[in-house]
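Here's the letter readout for the chains.
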Amino acid sequence: MSVALALPQLARRRYRLRRVLTEAGSVILGIVLLIWSLTPVYNMFLIALDPEEGEIEFDGNLWPAEPSLEGFRAVVTQEARYLEHFWHQFGNSLFIGLLTMVLTVLIGSLASFAVSRMRLSKGSLLTNAALLTYAIPASFLIFPYFRIMHSYGLSNNLWSVIAAQVTFATAFAILILQLYGSLVPFELDDAARVGGASAVEVYWRIYLRLMMPALAVVAIYALLLAWNDYLFAAVLLAVRNMTVAVTQGQLFSDTDAPWNAMMAAAIIYVLPPIALLFALRRHVLASLTIGGVKGYS
Amino acid sequence: MSSMQQVLAAGPPMSVKAPLQPPQRRHLRGSDFRWAIAFVLPYAAVFFVFVVYPFGYALWMASRPSLYADLIADRSYLPAVVNTLLFVGLGVNVKIFLALLLSGFFLLPRRWIKALLAVYILPWVIAAAQACVSFHWMLQQGGLVNGVLSALFGIDGPIWFNNRWLGVGANIAVYIWKWMPFWTVIFLAARLTLPRDVFDAAEVDGATGVRRFVHVTFPLLANVYLLCTLLSTLWAVGDFTTVYLVSGGGPAASTDVLATLGFHYAFDTARPALGVAAVLSALPVLIPVVILLMRRLQTSEVEL
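In order, the protein sequences belong to chains L and X.
If you want the numbering used here, it's the position in the first sequence, counting the first as 1, plus 583.
If you want the numbering used here, it's the position in the second sequence, counting the first as 1, plus 92.
Only chain X is shown next, with the shape it has when bound in the complex (with noise of 0.2 angstroms):
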């Protein structure tokens, strides 16, 4: 483990503040500063071009009222927003949750441990929709999940896709199959830098297992934890993929999170404006998140 990782992983208690930046700030003479500046302007250009300006033209295109309107009056954006509470509310912190238990189990000093921790990233690393797909199809009449359900249990599996729940279910499935691996990585590294002599005294005080679990892993790693929550809770309100292809919003829309059905009304119904307006919609409850997740990751790791 590199002390980069450590540093990171252990966030704001543990985090080294600027360790080697010399005290004193010169000023750059003209021509440094020309050269910096033309450094710099790649990626602005980038940033502007491609996050200001299209932010900034989301906005634009979401800001008549009237689509608001337009948006409650539909039959299927109700629960859309049902199905994305539900997505990302129960997704990420499942997800997250467990990750943190499995970062213990893949601590364990086995070999065959290590050897299962491989075969356990397995998911992050297949690209996405391949592995949505595999999912669709896996759970399909004559499918394999079926086909399974008959030959051990000799029950007839349901037709996973005609029904909201299911389909839901199955898409909060495939979402923490495919990303739970990813945060658990996290949570092993911040695990591999908490102070070792903390558990020492844990143990001598007689806290093991759950009460160790509960009163020391915990309380040390309740701040990545919250910044693994907040980060995830982001990118899974954007999570298009995963719903698109596993449930495709069937039976009739009835699956639909915020993103697919936006992507639904812009792309299928000729509606941008009121595509934008749908995924915008999540934008209240977003900024909060947003707000305190800047708040935490610039006192942790950014301010260097």
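Chain L extracted, bound-state conformation (with noise of 0.2 angstroms):
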């Protein structure tokens, strides 16, 4: 500040013009970002509230002509076609959410618990298989899961999606735990182990509190690669043993379909997410920069 008074009048002058010009280009890149962020979400709303079903009648116009919540009705009764099943559907994808947030949480805490603090040799070779995992593009593995799956008796069944989202969830949570385990002392475990702690106890009663943190992460991230997946539930269910997620895509081809119904569906579907996040978002925000989560599937 010192330096900006000693200055001539005119770079005084010039300092000032420039900080309103910074001043005001924020906010134009904020608005910018506002209608880039939004515009889709508007978009949704606008063909949700639209009263009519059947083509596309909302003719280029920029906001509900006659707004009308006959769409989530429709859904939430069920009437509409193509989400007969829309609540058995819903419970599906909740179904999987859940069962590969808890397998996730388990399996990798487990792994991760022998590894970093039993100190079990070639633990390297753990962290490497996760890594490899994290580098494989999914659309890759598709193909052969659907024929594998089939070989394991578990073709058009919910488990075969659960085994998928486990696989590439748990390959996250190894390298979140290892990471997070590497921060947290030794000493409590050491004192157990004296005090004459069975492994099983200090997994149970020490590692798992003391991770609570990075377990949390782990836990959200598994529900939602597991509630937004679109790719292997598209691919290994049927129709009624569907996800949410997957109606929406199956009906390109038929112009008539409700369309207001359709998104009033997936602005349902996309509440519960951001109701968790924003919850949650002191813990969502320290899963996103732990070195880049694999949000794909």
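No wet-lab data here; the hints were simulated from the structure.
For every residue, glycine included, the Cβ atom is placed at its ideal position computed from N, Cα and C.
Be careful, since some hints might not be right.
Just a few of them, taken from the derived set where beta-carbon distance is under 8 angstroms, the chain L residues facing chain X [said to hold, decoys possible]:
1) 613
2) 617
3) 620
4) 627
5) 644
6) 645
7) 698
8) 703
9) 718
10) 720
11) 730
12) 747
13) 750
14) 782
15) 814
16) 856
Ranges of calculated distance between the beta carbons of each label pair, as one might list FRET restraints [stated by the list, open to error]:
17) 795/L with 297/X: 43 to 53 angstroms
18) 294/X with 861/L: 31 to 41 angstroms
19) 360/X with 662/L: 28 to 38 angstroms
20) 600/L with 387/X: 40 to 50 angstroms
21) 775/L with 360/X: 51 to 61 angstroms
22) 136/X with 778/L: 28 to 38 angstroms
23) 293/X with 648/L: 53 to 63 angstroms
24) 311/X with 671/L: 49 to 59 angstroms
Both chains come to you apart, so use the hints to assemble them.
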């Protein structure tokens, strides 16, 4: 500041001008980002609030001419075509999400505990395996999965999707838990071991508690990965067993589909993760920043 | 910001290596060893049953050389290769670069910018399928985009999915929309870990604005930038949902990428081996990326 005061008048005015320009620029950028982020969301509401179903009748409308909640009603009562099983499919999404979450936390934490806390030798193999999984594009594995799930007797079974999700989520879990585990002191484990606690007790009483923040991150991540997945559920499940995420994509060939109801279903479907994420903002931001999340499936 | 985040976001130069690991490695006692094996077993099973075996299976499915001759002969294959290169090359690089710039914007100390960040990360939270379908209808004739074009500028918008390049462009734009927020937050975290005094010194030397970005910020973040680009490249090659639901590969399969073309071969024309071969043909490009990435990651984050 003192430098600015010492400057001659002209330079000071230029400095102030630059401040104003920077401020104006950031406001404009802010508005652009707002429009960029929200337009597709607005479009969801635009279509969902349209009263009629059938062909795309919103002919260049920028807002719904006669807004109506008919689309939402048809979804909730399962009257809309293609959405006869909406709540069943919603339940499937939830089932897959929750089981993926539980299994990922369990399998990931057990493996990570054995390697980093029990100091199993050749532990680096584990992180290498996780990294390798991380690096394989999901669309690569979908074809063999389709075949293999058949031979495992899991075709058109929710467990096939859970297995696929757990595969990718545990890779992430292990990387996170290994990383976080290295920041948590060993003294408690060692004291417990000297006091005669078994490996299982140390895992259950000490490790899980100390690792709680990282486990929360892993749990949210796994739940979201499964909830937002399209590819695996689309390929591995048949219509009635599908998750809500999948029903959206089935009907491109049908120009007469009830689009208001489909978009209402989409809005209902994306609300839980938004609510969850805003409730758990801090954990999620942590998960985001830990080395990059496998956000795709 | 927890220290954990900082370690990671900073990448190799600042990462903490084995901070709390006791120096001696005890030998596991018999019963402990058995327990440790039992604990690792579930993950090992998942890895072998759902990663190693399917991957081997994919290689086996696509091992017949004649498949690749079929691919080259197929009219849609070469366009799909070009589309994939465009989708990945443009999508990833534009996204990562803009994310880097925007992470600087979101660091500005204004309350409204913090609030904007919450809105800005919405695309990442919204399920890809739902977002892509919304985009698909937004770009249809009579959709929101053309409606806005005619209301603001009085022009009739194009029929977006009737033209290959508009379709490919739309796919790329949606891809950027969906994933840019995620990488912005990564860079945001990385920037927060940068040493303050370097910037103070730069300011004293008169490096501000663009010059500070080019000579101070970017060199400090270069490693994170590379990691993000590599990882993002792998995932973009595997991205199926965007293209499948936005342009749907149309018109006449001219906007397909390898992932959707492979899907089309395997499930619409019942030639699964050809589908695997189509996706697998990206492998020669992907393997160097994987190797580079694994080296980088191992020396930075995972060596604990």
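Results for each hint:
| no. | hint | verdict |
| --- | --- | --- |
| 1 | 613 | 5 angstroms, holds |
| 2 | 617 | 6 angstroms, holds |
| 3 | 620 | 5 angstroms, holds |
| 4 | 627 | 5 angstroms, holds |
| 5 | 644 | 6 angstroms, holds |
| 6 | 645 | 5 angstroms, holds |
| 7 | 698 | 7 angstroms, holds |
| 8 | 703 | 4 angstroms, holds |
| 9 | 718 | 5 angstroms, holds |
| 10 | 720 | 2 angstroms, holds |
| 11 | 730 | 7 angstroms, holds |
| 12 | 747 | 7 angstroms, holds |
| 13 | 750 | 4 angstroms, holds |
| 14 | 782 | 4 angstroms, holds |
| 15 | 814 | 5 angstroms, holds |
| 16 | 856 | 5 angstroms, holds |
| 17 | 795/L with 297/X: 43 to 53 angstroms | 45 angstroms, holds |
| 18 | 294/X with 861/L: 31 to 41 angstroms | 36 angstroms, holds |
| 19 | 360/X with 662/L: 28 to 38 angstroms | 31 angstroms, holds |
| 20 | 600/L with 387/X: 40 to 50 angstroms | 48 angstroms, holds |
| 21 | 775/L with 360/X: 51 to 61 angstroms | 58 angstroms, holds |
| 22 | 136/X with 778/L: 28 to 38 angstroms | 30 angstroms, holds |
| 23 | 293/X with 648/L: 53 to 63 angstroms | 60 angstroms, holds |
| 24 | 311/X with 671/L: 49 to 59 angstroms | 54 angstroms, holds |
Violated hints for the displayed structure: none, as all numbered hints are satisfied.
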